[in-house]
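Engineer: Residues per chain, in single letters:
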Amino acid sequence: MSDAGAAASGLWRDAARRLWAERAPRAALALIAAVTLLALLGPAASPWDYDSLDWRHLAQPPGFTAAHWFGTDRLGRDLFVRTLHGVRLSLLISALASALSVGIGLAWGMLAGFAGGRTEEWMMRGVDVLYSLPYLFIVIILSTVVGRGSVAVLLIAIGAVGWLTTARIVHGQTRALKRRAFIEAARAMGLPTAAILLRHIVPNLAGTVAVYATLTVPQMILFESFLSFLGLGVQEPHASLGNLINAGAQEMESAPWMLLVPAAFLVALLVCLNLLGDGLRDALDPREH
Amino acid sequence: MPSTRASTEVRPAAAAEAVLELAALGVTFTTAAGTIRAAHDVTLAVARGECLAVVGESGAGKSQVFLAVMGLLAANGAVSGSARFCGTELLGLGAAALDRVRGFRIGMVFQDPMTSLTPHLTVGEQVAEVMVRHLRLARAAARSRTLALLERVQLTDPARRMHQYPHELSGGMRQRVMIAIALACEPQLLIADEPTTALDVTVQAQILALLADLKRERAMALVLITHDLGAVAGVADRVAVMRAGSVIESGVVAAVLKSPRDPYTRQLVEAAARAPPEAPAPAAARDAVLRLRDVSVEFAVGRGWLKSRARLRALSGVTLELGAGEALGVVGESGGGKSTLARAVLALLEPCAGEVVWMGRNLLALPPRALRALRGELQMVFQDPLGSLDPRMTVAEIVGEPLSVHRRGLDPEARTAAIATMLSRVELGAELSGRYPHQLSGGQCQRVGIARAMILEPRLLVCDEPLSALDGPTQGEILALLASLRRESGVSVLFVSHNLGVVRRLCERVLVLYLGRMMELARAERLYASSRHPYTRELLEAVPVADPAVQPGRLGRARPGEPPSPLAPPSGCVYRTRCPHALELCAERLPAWEITAGEGGGADRVACHRWRELFFPHED
Chain A
1 MSDAGAAASG LWRDAARRLW AERAPRAALA LIAAVTLLAL LGPAASPWDY DSLDWRHLAQ
61 PPGFTAAHWF GTDRLGRDLF VRTLHGVRLS LLISALASAL SVGIGLAWGM LAGFAGGRTE
121 EWMMRGVDVL YSLPYLFIVI ILSTVVGRGS VAVLLIAIGA VGWLTTARIV HGQTRALKRR
181 AFIEAARAMG LPTAAILLRH IVPNLAGTVA VYATLTVPQM ILFESFLSFL GLGVQEPHAS
241 LGNLINAGAQ EMESAPWMLL VPAAFLVALL VCLNLLGDGL RDALDPREH
Chain B
290 MPSTRASTEV RPAAAAEAVL ELAALGVTFT TAAGTIRAAH DVTLAVARGE CLAVVGESGA
350 GKSQVFLAVM GLLAANGAVS GSARFCGTEL LGLGAAALDR VRGFRIGMVF QDPMTSLTPH
410 LTVGEQVAEV MVRHLRLARA AARSRTLALL ERVQLTDPAR RMHQYPHELS GGMRQRVMIA
470 IALACEPQLL IADEPTTALD VTVQAQILAL LADLKRERAM ALVLITHDLG AVAGVADRVA
530 VMRAGSVIES GVVAAVLKSP RDPYTRQLVE AAARAPPEAP APAAARDAVL RLRDVSVEFA
590 VGRGWLKSRA RLRALSGVTL ELGAGEALGV VGESGGGKST LARAVLALLE PCAGEVVWMG
650 RNLLALPPRA LRALRGELQM VFQDPLGSLD PRMTVAEIVG EPLSVHRRGL DPEARTAAIA
710 TMLSRVELGA ELSGRYPHQL SGGQCQRVGI ARAMILEPRL LVCDEPLSAL DGPTQGEILA
770 LLASLRRESG VSVLFVSHNL GVVRRLCERV LVLYLGRMME LARAERLYAS SRHPYTRELL
830 EAVPVADPAV QPGRLGRARP GEPPSPLAPP SGCVYRTRCP HALELCAERL PAWEITAGEG
890 GGADRVACHR WRELFFPHED
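Those protein sequences? They're chains A and B, same order as listed.
Under this note's numbering, the first residue of the first sequence is numbered 1, with each subsequent residue one higher.
Under this note's numbering, the first residue of the second sequence is numbered 290, with each subsequent residue one higher.
A couple of the hints might just be wrong.
Unchecked claim - From the structure, some residues in chain A lie toward chain B, with a derived Cβ separation under 7 Å:
#1 11
#2 180
#3 181
#4 182
#5 185
#6 188
#7 189
#8 190
#9 197
#10 200
#11 203
#12 204
#13 286
What the hints assert, rightly or not - Computed footprint of chain A on chain B; a stretch qualifies when at least three of its residues, placed anywhere within it, have a C-beta under 8 Å from a C-beta of chain A:
#14 660-666
#15 669-675
Simulated from the structure, these hints should not be mistaken for laboratory data.
Source: prediction; values computed, not measured.
Note that the Cβ used here is the ideal one computed from N, Cα and C, for glycine as well.
Next comes chain B alone, as it looks inside the complex (with noise of 0.2 Å):
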């Protein structure tokens, strides 16, 4: 059902009053190194009630023009041109007038919402705080709005959560609290500095569809930093695109995504369209080289001399099988036990109960040396892709350690091909081997740890979330380098991603993960046509579609809502608090693991006692 309710609201900025116009603004940074020009010649306006996108890659310059305005530059940041917030020139401003627009008249969301909160203070009081400070609130003012805030910005349970700690609140819920902060003294602007970058996708479209509710509700200007042009689709009026620093198109959003008049936009939509997928490989008549039974793993979590430690069970009951050459992706929100079997398939988690059964050998029951011994065949690729790699150790040492353990006889000349030949194959300059870690980019950190776990030629490799932590059009091209890798070498993948439209890429089966339960498995293509589960069906809705046609609906069917703590599961579906066809029956019965189509180890299974009933062709 396509809506065109954001697109019919756009109205070109010079004719409504604009909240902020920057003019021929530029931000320089003097380093030892000379001076570095972040911004020049920026200009945009951003009117009351509307979007406006600022799109580009990481290092474009987006994040510094908006710091500037703030006043929040680096101490080695120097600003140009001007910037006129309701008609006050904001440059040169002093820090007490400064003061008194920040976070009162402009309010700011940033991507990490655990290090822009307090650690020490509840999250009720850092909202109150706000209000009692610039609109000089008495305390007991401010907490009842603080109360009424939190409930606006959709937090479950606000009464409860608005006494607990930062760390005790998820990632979304956290970022709920902040936005509730930007909004506290109701500021005409709101500059959102990539909210959900860090958030899982159905928790980034709630976010989303937060954020284009409040604007419209309030009229507020709202300034949406971000890479990702799903975002902009769903909530924006105008986008305006930024490289290197300078804004290279500008316009209303449905222009701009539609035709794009620049290369380098065109590129960018190029990447988000959503290409087709890769051709799988036919499915049938692989062997399965690794084969999961029953795999359950059950953490001890707090600690006391006399409490007992309660038991959180991360993955319950996981049976599949992966074929020589196949690559199966494994989806769900966090928490939802997708790390966990990733480890778990490794061996590298201790309390783990069931079989992992690698080429007839239970990895499990293996005693260490030979379990190391074969660690060679069975590689990773990690999520952190600067953490993964140990700042002390050079591009080419890091890409050489496997060979050093797996291969010891290698003479010092064979070594160094092997090493050269590897960072060719990710791309990766000759240049750059005697480089540490921080010297190099998020992309090209992945890429040596890419290296790092293909140099062995291993016959699976293991991807946790590998490219959640990069930016658009990174994320496609490392997509685009393990697949090739993958077609090359023919080694197995198990592909975790809490991002059904990049798992669609790579692989020929999915597995769906919730509450670490299995929710469904089933071949890529018949998943993303026809799911057979609602949460299946939820996670779909989420995936960011770069349409402004299509995109502001689906937001708006983003349900609020995040999975339960694992430590105390619902009963029966452990879906069913948040299906919208639950019945009476999920909250008795475990669903039994069904097979929907095929049969044996390769089938599409699901886990809902209502798939017969409720069957879900999948509309775009």
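Just chain A, with the same shape it has in the complex (with noise of 0.2 Å):
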């Protein structure tokens, strides 16, 4: 389909004009994109390893001490280069969860809202079941027969509950717009389905799967972080944000450091994906200008 996706670029290129004149957003996206660099960036500079060990500074406030910036844990491991290498882990767990669980569910529901009838029964049913299934015994088994602490693992395990939701929202949307008359009006055009589903639903489902993948993120990084607390997750000596938290946690009293400083991250993370996401639905939407 070589000009499918052309009716759709005008929207797409308004959208990021749109998107990029919004104050929020860009400062959103703008913190993101520092976040992200000095996650990959960061760790070159310091002198330590996320996992090597200084016996002479244990538990150590942040200051310039030894080069550890951001203080170091009880063994004496650089929170600095720790916190970074969490966010690295957890924004790539997230994003690629996120990607697969909204990629999945937004075909899904698509199908099966156009599909109508038997078709769209049998999907949707298919998916209250999966729903029922306790989802952390398939977590546990999974990471049992592929082994612990696997990224692979974590990402088929999230992304496999995730998608659901999206399936969901999405099936529900596309139900309402089919029953619209441009969709009528396309049909009558000579449109084959696959493009009417990729020039008129997509984009008028856009707002609203941005927005939930923008909220996916955040929650994939707190599941992440639940799943390592279960000792599912990402395992020591490797950090995310979600066994940081969970470690400086018990150490809030003694060294808050250990808490805040991930902690610090995290916050700014989600607020700056939630901004993004309200300034995505906004931009996508034309008749919000």
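Both chains come to you apart, so use the hints to assemble them.
Structural biologist: Below is the structure:
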């Protein structure tokens, strides 16, 4: 389909322009980019490694002593490097898992909603059945089969749970869109079903899906930290925002920076992603302007 | 038979006691873009037992004035001047004091009876609620008065209907319920804001007749906000014409409509006057491009695991021919199967029996790919101008989309040029091409829809009620545009409308549908001059005429009643339950589709047992 996206390209270009014109999403985008860059390049600037121990500086508060800028934990590991390492892992896992769940959910929900009839019934009942399975159970089975702490298992586990909600949201929206007159107009024009989906349904779902996707990323970060807490996620000595915060929470009274540093990164990321999501929704809806 | 009843009743407002007096009323809205003046210096009065019509196109500020009077302006609105109701100043009244006036001494009826009723309460409860609240009636008393009221507004079968929910009623019935609610507390003033715009012409006539009756019977003041001069001529005593927020002309209806002083009023009156039919091309000896043979559409409605689904016959045995370049009008009320026919012709419906033969090929039997390729020749214009355009596409993208389906090899420059040419053909400025649909007016949206349909130079254009969502002057413009496009391109047109008056100005032949069956098919001149079917005659009677000498009489003859449910159509002739001439025979046998004049595919036909005895010379 050479020009299937052509009609929609105006919308995306307009949306990018409108997104950039707003201050809040622009700031959020800049901050996310800055944090990502820092996570990628920051650890190289420090003399420490994420798993190297400094016996002379245990549980040291933030400062300039021995280049432990964010301090160290009880084992003398550098928090600056570990936090950025954690940001990197958390962002990677949550971004991939969100993409996976939004991708599957969008396709599944849209096809079910557009097909209608028996196909729709079966597809959505399937979602209901999967919903009712205890996902933690699936994760535990998966990780015993594949091996604990594997990033791939985490991705599959999280993505497999996440797409169900996306599919339901998209399904409902598609059903509503399908009845609109402009879809009938597209059929009367002779557009094949695939092109109707790509040109008319997807752009009209874009706002909802974009918001939902930016909201899933923080969810995924939280979910990953929950799994790590259970010992199913990222394992020591690797760090994720989840297990850093978990460890920090246990030292909250004696070494508050161990909690505050990773928590500050998490909060900043979550706020930025939410702002970006709101901005995207407005930008993708021409009626807002 | 001309009637002069309404025009002799006119009294000057100053002599009678004024119920509502507006003096130098102004309405402004504060928006991010600055202050917008929606109305200014509006001075009007309406007396007891008088009907004042406020006329103007959408955006003229006519609704805003009365919303302001009722204290119902949007949050960013502000009102100035004075509005006295029975001597009490309404502007600046507190919420509690206003509540004692609104819905109690002033009743209101809005355009859309679906959204004005609460979906989760039965209509009976909603009528009773007003009386419980304002008249402090006990529930039981309120219920019995509700029944009486629903009878008064001529709701059919009120005892059963009062226990139904709004979605179970037709638009006309819902509007009757709204009127009952408005009348529940015997108000001194009734404000009706476009009460008939969303309804079929036949039902429009019934509702207007009801309003005129109620006004007379209760000596109530009535404010009728409308863009339809036919309604004005039928019901109103005095009229005020509004444009761009101010009253530009007002006076007694007969005088204003006969000799308008203001040029804008003159334009409105001329637009509403029956334009002579477009000179129809000679219908003889044209090859049929489209042949429908016994087309029927049946939907399964309702659902359940064990229940068998009911069958709804939306269309039964439609057979007709459409010549090259010919325009065929399809008329009837809602539920008559007009839109179903439009979609069946384009093979847009699944459950379709019979044959739709386009240039020798049966569309219903064509494989999907071949059908899609043919769709370039068969195009459609939709009823909802805004809803039929993808909200996320710009005007240029929408108009150009058919090109990217059917002319894939077109290079970008040629494509841009084709879009620009098409936009100018539908008289849209090039500056609009980057806009989104929601930034356009209804008329502009419909022009975009027409441009999209015409850009491939189709051979058949199916128009499904393309005017019913537009206001008076815009309807005329769009109709003129369609007529000129048709002359230029020689496209055949299937034009669906509930308004026979509109069809007359575009079509050479007219098909009348009722409950999915063909009632009459005839050359337009013959149909309008001497219709052979009682239903056609009823439809013709309902066409509003902007002449106060004639229109009240026509409204007086409007018969109540709506089509029966298509789930359980009457036996024999489906129209017999409403037909004033029905005999026993009509209930027993389905009338034949008889030729009344002409021969072959272009013959005039009628489905009535009694057409030979009931010869109807239509009177104007």
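Engineer: Hints first: check each against the structure and report whether it holds.
Structural biologist: Each hint, compared with the structure:
1. 11: Where the cut-off is 7 Å and the nearest Cβ of chain B is about 5 Å from residue 11 of chain A, the hint holds.
2. 180: 6 Å, holds
3. 181: 4 Å, holds
4. 182: 5 Å, holds
5. 185: 5 Å, holds
6. 188: 4 Å, holds
7. 189: Cβ of residue 189 of chain A sits 5 Å from chain B, so the hint holds.
8. 190: Holds - the Cβ of residue 190 of chain A comes within 7 Å of chain B, reaching about 3 Å at its closest.
9. 197: With Cβ-Cβ at 13 Å, over 7 Å, it is violated.
10. 200: 5 Å, holds
11. 203: Cβ of residue 203 of chain A sits 4 Å from chain B, so the hint holds.
12. 204: Status holds, d = 6 Å.
13. 286: Holds, because the Cβ-Cβ distance from residue 286 of chain A to chain B comes to roughly 4 Å (cut-off 7 Å).
14. 660-666: This one holds; 6 residues, not fewer than the three required, reach chain A with a Cβ under 8 Å.
15. 669-675: As far as the region 669-675 of chain B goes, the hint holds, because 4 residues have Cβ atoms under 8 Å from chain A.
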